[in-house]
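J.: Single-letter residue listing:
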Amino acid sequence: ACTSPGDDTAETSSSASAGSSAAGPDVNGDGKVIVGVLSPGDLNDNGYYESFVAKAEEFTKSKGWQLIKVGSVNPADALNQARNLCRQKVDLVALGAAELKDAIPASEESVCAKSSWYVPSSADIKQTPKITISRDFINEVVYATGYANGLLMKEKNIKKAGYVTGPEADFSVQAAKAFKAGIKEVVPDATLVTTYTGDFNDSGKAKEAAQAQVSQGVGALYPYLGGATDEVAKFGNTKNLILSTPGTDRCASTSPKFQVSSIFDPGEYFAAALQKFSDGELKMGVAREWHIGKDPVPTVKICGGTAAQNTALETFIKNIGDGKVDVDAQVAKLGA
Amino acid sequence: MSEKRKFPNVAELMRPSGYGVQVTLITIAAIAVAVVASMVLVSATGGSPGDALDALYTGSIADTAAWSETLKAATPLLLVALGACISNRAGVFNIGQEGQVLLGAAVAAYVALHLALPGTLVMILSLLAGAIAGGLWSGASAVMHYGRNVNIVVSTLLMSFLAIQVVSFAVTVPWLLQAPRASADSIASSESAQLPPSVRIPGFGEYPALEIGGGLVLSIILTIVLAVLLARSRWGFRLNMLGLNPMAARHAGVRAPFAGGMALALSGAFAGLAGAVILSGQVFRLQPALSNNFGWDGLLVALIARSRPLAAVPVALLFGAFRSGSSFLASTGVPNYLVDIVQALLVLAFVVPPVLAKVKSRGRAEATPPPAEPVPSTPTEPEKVTA
Amino acid sequence: MTDGQTDAAPRTLEAPALELRGVTKCYGPVVACDAVDLAVHSGEIHGLLGENGAGKSTLMKVLLGLVQRDEGTVLRHGKEVEIPTPQAAVTLGMGMVHQHFSLIEPLTVWENVSLGEPGRIKRDEICDQIKDVGSRYGLPISPTARVEDLSAGERQRVEIIKCLRRDPEVLILDEPTSVLTMAESQELFEVLRDVVNRENRAVILISHKLAEIMAATDQVTVLRKGSVAFRCRTSATNPRELAKQMVGREVSLHSEGAALGLISEDTTPEEIQAAAEETPVVAPVPESKTPALALTDVVVKGLDGRTLLDNFALTVSPGEILALYGVEGNGQATLGDVMSGLLEPTSGTVAVNGAEVPMNKVGALHKAGVGVVPEDRHRSGVVLDMSVLDNLVMTDLGRVSGRFLLKRREARKIAARLIEQFNISTPSMDTPLRNLSGGNQQRVVLARELSTDPSVLVAAQPTHGLDVGAIEDMYERLRAAAARGVAVLLITTELEEVMALASRVAVISSGRTVGVLDIHEATAERLGMLVGGEAA
Amino acid sequence: MIGTDEITTIVASSLRLTAPLAFAACGEYLAERAGTQNISVEGMMLGGAFGSVAVASATGSATTGLLAGAIVGLVVGFVHGNLSHRIQINTFVVGLVLNAFVLGLTSFLIAISEFDSNQVAQLSIPGLRDIPIIGPLFEQRWPMYLLLLIIPLTWWLVERSRWGLNLRAIADNPQAADVTGLKVNKLRRQALLYAGLLSGLGGAYLATAEVGSFNMNMTAGRGFIVIAAVIFGAWRLKGTMIGCLVFGFADALRLALPALGFELNSQLLVAAPYLMALLAMMLFASKSREPRALGKPFVRGIT
Ligand SMILES: Nc1ncnc2c1ncn2[C@@H]1O[C@H](COP(=O)(O)OP(=O)(O)OP(=O)(O)O)[C@@H](O)[C@H]1O
Ligand SMILES: Nc1ncnc2c1ncn2[C@@H]1O[C@H](COP(=O)(O)OP(=O)(O)OP(=O)(O)O)[C@@H](O)[C@H]1O
Ligand SMILES: [Mg+2]
Ligand SMILES: [Mg+2]
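Chains as they are written, first to last, in the working numbering: chain H, 1 to 336; chain B, 337 to 723; chain S, 724 to 1259; chain E, 1260 to 1562.
For reference, chain H alone in the conformation it holds in the complex:
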């Protein structure tokens, strides 16, 4: 339902007004280019949040720009933090995740008049003329992740998978459903055990949850976590579990080792936006949508999968991208 027709760089223009475009990256014309990043998460989480600033760092360094990164921003404090970035004369304000959406009103204020805005969104953030939105569809990628897990589970004849996450919030509940639906596409009689520890970063508790799941015969585990991901994954390695990453490509990592990389890395989307920004083509008032199977990211990889597995997964992803699968309907049907 979320797919929209168009080429692979589809940009839906805001109906409100025509997008303003900037001449170059030095939006405010002060001779320097400064990129400011606000992230709600821990910038050293080895995962989702870190990837965003890591990409930004890499890009700005290559261009010789300055980067201001503020981590662990309290959503309640987002507006202030965004204003503060503007006061530090950044040319681009980038939000690391949609949780910080309350910062957006600052884009309308005079302090931020000379800054461009980049906002990632999987939820519904209202398009305004002052921001560019980068939208992905988490159901699609987690569904595909489930499918990849399903393939591996089938190979090992595993019927039970686990999912450990932090607080029981709508998005984590949704992700669980999508994951389950994906698995069931391959292993129809598979079951999913879901544990909410209450805290994305409490490794102690997350590990206990994982251990309990393992003791109940779970053969695949999705640590849908923040700072606690690695410790759970390392534990999973000792039990030879099928592990998936929550957002980043970590097929190269050896400790911990993941079997599936679920890549919905916000850094990838941001890198693309930065490239446009550098070229002076980043338009405000528009949204860029990222669909699995249509864009290079998001995507899902099986680390060291067999040819058959890879093909199956690729086909599956392509089908989603082509709109042959109604992801939301499938998730609603199989994930319940």
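These are computed hints drawn from the structure, not numbers from a lab.
Warning: the hint list may mix true and false statements.
As the list claims (entries may be wrong) - With a Cα cut of at most 27 Å, we get these calculated DSS-like pairs of lysine-lysine:
hint, chain 1, residue 1, chain 2, residue 2
1, E, 1497, S, 845
2, H, 333, H, 154
3, H, 276, H, 32
4, E, 1555, S, 845
5, H, 156, H, 318
6, H, 159, H, 257
7, S, 1024, S, 1084
8, E, 1555, S, 1024
9, H, 333, H, 61
10, E, 1555, S, 854
Given the structure is predicted, the values throughout are model-derived calculations rather than measurements.
We have chain H; now place chains B, S and E with the ligands onto it with these hints.
T.: Using the frame of chain H, we list chains B, S and E with the ligands on its own:
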């Protein structure tokens, strides 16, 4: 002999020439140590102290925008601190403000989002509701204490964690506080809907010009009222008596369960009000992390101000400045947690010297009981005997 | 101090077991001990006499290493010694029974006895020793009992055993009899006599009770304002002389004499009668009137369930001073707390002028017209960190405030009047009460409590910790209050105070009134028996 | 529905969740028996966790890390002791400030450092570990077995040693103990050192034995649960340990039940320990067991 017996005269020591100057000097020295220690930490970890200080300055007081942020942060700090002044004076040590702030905000949000009345009325009612919620929450600790002898420090602390869980739960339940989904297929986030502009606290000035929120005005008014009441009213007198000598207070007709319980509830009410002010003056929606350490820091403000409302104003400003300044630290590469370290050290810098001076003067007159401080004495209560 | 040289004691040739030379100790500006010389020989009980605050306890604390002296030397058997810690004092063979109990209630007897010693705990050894010492001196006690379950007398035994077990050569007792009944005191002195005669130890007995010193000691040294005023063989002096030395001038028998213990157990009623005639006699009690204060069947239970007051009953008429006499720990403190409104009785009624007071309401007693001078003023009488002014008005804020705000000017007027009336010496009315001397603090309390025209005044140990001048003043004011028609309930442990002030005396024992006597029928003997719980 | 396997799982999980609490609770218990209501235990644990990971990463030895964690806790205890029992700052104020300080410092340091993860070895006792239900007792990270030493040691120290007798005395009547020649504040400082050592060890255990790395604020309120456990246990070691087990068990249930196929509302279960502690305080915390001078400063001459 009694008339002529010489006691070490504390009043003498308190005069600017003696005790006061000594305390001031040690305090300045202690602040210097706190700042230097933090800066040493910065440079030891590869940062530049000069840049860090500059960032703190620019972020907090360099221009009107900075001042706006500072004042905004100082508002809830001051409100929480005022409440802490009340409970500390009464000798009941409330340390659960963090939860009370959050709970106050939650109830205020509920009222603001669910009442269909004219906007201003709703705003006032939601502020009141926040205060009442905070008051009831800390009042529960008072009931546990006076009814079942449960230690106040520990129970307010535990109640605080409980509040955080309750609110985290409430924002995931649509019929309580969770914002409705924008559309059927979108994800509902764990927070409330935004307050409509009509029920927000109005303010003066528009950012980046100097912005003075209605909450700030309210808290300044409350500061003055509270300062007068504590110094001049029967209630303030009785409260002081209760804090300084609960037995004598009881003899003088102060009902500890009532007066102390009331003080505890009031301190919670101020914290709850602070939460409501954060909600309807700054954040506009309930989020599980809305309290954002304002409760803890507000308590520290009261400690530095030695439970005096007027003294809490500059301290709250200082802490507010740290908050607004901290977000500028990021550009220097120094983690903004530096500010938490500095704040903790500063509390010590303010709390240690008077005690140190006291100890030194005790060294001269070995066991002369030192003057009690307005800082919370350990909660003592009259011995209770079963009825 | 020429009369100090009337020392006719035959000196033994050997050096004294313990000798102090020029010991001085100051607490800030307070000189607690001023160049004190003292020699104590083995085989004798040495009395150390002095009024409150004379420095007796401080001197002993110096000996025990609890306080470091500023100047002077301490010698044991002629050899100079240093006493930096209490442990050092123990090693030097000195042991002390403290003025206030130094026992930890939740611990057992044996644990208390071994407290403060170094080394491993040898439970069985200690228990055996306790039984040993107990049987040797006639102080039976169960080593495994918890101290909180023991009576005052038993606790005193524990203290003494604790001290004796360490086999001290010099045994110091600081006002050991203040919590004991007369019989228990007698028992104690026998033990001490035994210790001295049989085992050739030295004992220092501290007291400000003349009778006790006369009865139990061989030598006596009088301290006055920190320095030695007089020393003598006990047999060569008399109470009047000692009293004079203690106070520094002649004392009249009645008021000050009472405070000093001049009226002792063997004072005859005639003497009291004679003494009473020196001062205005208390107005006769009008029989017909309803009592100003009536307590009926008051029961108070402690937290641990112990009965502190047991069907306690008492009436006080307007204009009389009724003394409630008894030994510490028998419920007087509890009664004081009840009358201060700090404790709510489990059952029973308190009526003032015939009207029952709702005891569950805080402040009701005060409203009903009961003024209280509490036993421990620092605990419940005053707020040390508030000003004199605040302390003078704090129980009756209604007088000095409107609905909400205080009327400072009004308060100042009242305070100024009271300060003047009650002769309170303070730099200003804004001085923190902490800075006043004990006597003046007590005057503040009395002034405040009398300023509201109470119909009942409860004075609990009103002269504790006061010096002679202040005591005299207090007595005058209590009498004056009674003369004005106030019903005065004097709660006291001092027989002398009873004799000096009361028109009737009630005796409390184990939380009950065991007898009410007219002062003319009250002999020391009868009171003593009542106090001990026997019918008189 | 629930068979021995499931029970075994929960037992094992309970043990692991209890152990960090139990270490710290032994320390907190001793401090409270000496009269200090030590709320900086959270800071001690967090500092211990950080210290252990930092040192384990630097030396490559998790065991050294464990030791270092204990020492960091000890240092926090030392500071607390000197601030509140030497210069007499209100102990709760000291606790609050120390918690804030340690949280700030560890967050600051972790933001600018990278640590390798290290975990101490598992020690399992062949044979015994296969016993149903209690098997997990014999398959633990080895520092867990330290508890078997520390619990009786703590009991012995408090109830049997000279030092413990002194501590109990100063917790109940510091004035009298002082007259008897005990150095009240010194003893309380010593007790805080012990509390710091064990709380630091508890944090270090969490970081290097259970988790293997450090996250910001990784103790996440466990210190406060420890305080609750001591109250829950009415100031007796046995009760305190039962309290830790109950809280550990509650967490284990919460985390394990979903795996066992039970749907439950986890959000409210997170609050369970706090609720239980509050209830326990209301029901069992009989005043008579509480050390009488708990939380009250001692100054000679003031009663
Ligand atoms: N710790 C202290 N700090 C300051 N002054 C003190 C201290 N202890 C005693 N004093 C003062 O020293 C003087 C002597 O006190 P001390 O306790 O020795 O008297 P005492 O003769 O034992 O009196 P009492 O009969 O009341 O026990 C008093 O003026 C007292 O107020
Ligand atoms: N063999 C022993 N050696 C040293 N001390 C001992 C010995 N036996 C008992 N005690 C002491 O006696 C006291 C009472 O011991 P017990 O074991 O009965 O504890 P308790 O106070 O009854 O505790 P509870 O009632 O809480 O179980 C303890 O405080 C302990 O110090
Ligand atoms: Mg620029
Ligand atoms: Mg004395």
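J.: May I ask which of the numbered hints given earlier this structure violates, with the numbers listed in increasing order?
T.: Hints 4, 9, 10 contradicted; others consistent.
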